[in-house]
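The opening position of the sequence shown corresponds to residue 186 in our numbering, with each subsequent residue numbered one higher.
Each hint should be verified, as a subset may be incorrect.
Said to hold, decoys possible - What follows is a list of derived Cβ distance ranges for each label pair:
no.	residue 1	residue 2	range
1	236	186	20 to 26 Å
2	446	344	36 to 42 Å
3	388	431	19 to 25 Å
4	356	442	28 to 34 Å
5	301	237	38 to 44 Å
6	250	282	17 to 23 Å
7	483	423	17 to 23 Å
8	256	427	42 to 48 Å
9	485	257	48 to 54 Å
Quick caveat, the hints were computed from the structure, so don't treat them as lab data. In this text the structure is predicted, and so the values were computed from the model without any measurement. Just so it is clear, CB atoms sit at the ideal spot from N, CA and C, and this is done for glycine as well.
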Amino acid sequence: MRILMLGRGVIATIYGQAFQHSGHQVDHLVRPGRAAEYGNSVQTDVIDGRRGPLGRRIRSTSPTRLVESIDTDDAYDLVVLSVGHHRLQEAVATLAPRIGDATVLVLGNVWDEPLAAVAPLAADRVLFGFPGAGGGFDADGVLHGAVLRSVRLGTTGADPDRRELVRSVFQQSGFTVQDEDDIRGWLWLHFVLDAGMFARALQSGGLATMVGDGHALREAFLIGRELLPVLQARGVDLARHRSTALPVRRPGVTAAVVAAATALVPIARASLAAHDDPTAAEPLAVLEDVRRTAAALGVPTPRLDRTAQRV
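From just these sequences and the hints, can you work out the full model?
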């Protein structure tokens with residue numbers, strides 16, 4: 186299968202390498218000039234959750250196919266978009282006329298109405314999901330991170346054959362698929378959980394400093410909890426997402442568990458440990474968009490507002 190990953194960021198690299206190792210042809214579309222900058226290989230240091238219950242650390246150097254332009258003649262079967270939510274519409278507008286009839290997987294945060302965020306792509310060719318991976322690149326260009334065995338995919342909207350195509354790509358690459366019937370609500374809930382983490386990271390100096398810090402994690406979950414009325418006002422049925430909402434429903438207990446896990450379990454620690462810049466574009470865009478939506482809906486967010494004053 187021919188697969189196009191947009192960019193050569195953390196998520197695109199981790200999953201792109203997994204797909205490539207399972208026999209697919211994977212290209213990374215990068216901005217003009219970046220192919221020479223990145224080179225034709227990438228070094229990774231990743232804790233791989235497919236290799237046992239606690240994962241296994243895998244260091245490797247793998248070839249990457251980088252392209253700086255595409256057109257419909259390239260005939261990709263699958264296009265994977267994993268970009269900051271604030272860049273999604275721009276990415277879709279750029280790709281839509283150039284990818285023919287390819288199935289499109291949006292793998293990451295979404296805060297707008299999902300189908301509006303990917304217009305003009307037809308609803309039946311787009312799937313939404315969320316990765317189980319994270320990390321960052323060091324000064325030498327080495328990717329340090331972790332990938333869980335599971336990935337979450339929405340079950341509604343897209344043509345069944347396209348859903349099966351995406352599922353098969355992940356399964357062939359050793360991943361398990363968690364089906365999500367209400368992917369819209371799940372993505373929005375995850376977005377506000379991220380907002381809580383990003384807000385607290387501004388106070389703590391980065392997500393990396395929150396590893397093992399139960400107090401900081403509890404504060405992050407409390408910020409997320411005050412955002413639940415925003416979701417309810419937008420029509421999200423939180424009863425459908427009880428397990429995902431657990432951190433904000435039980436912030437004290439969950440913070441203690443997560444603090445212990447991030448301190449003691451490498452695969453839990455790796456994703457946070459690589460994020461040391463709380464003022465990166467995506468975290469700030471998440472906070473700005475959540476505050477704007479809350480204000481428009483008349484939902485008070487005092488904890489979040491206090492944090493935002495630091496920006």
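List of violated hint numbers, smallest to largest: Result: no hint breaks.
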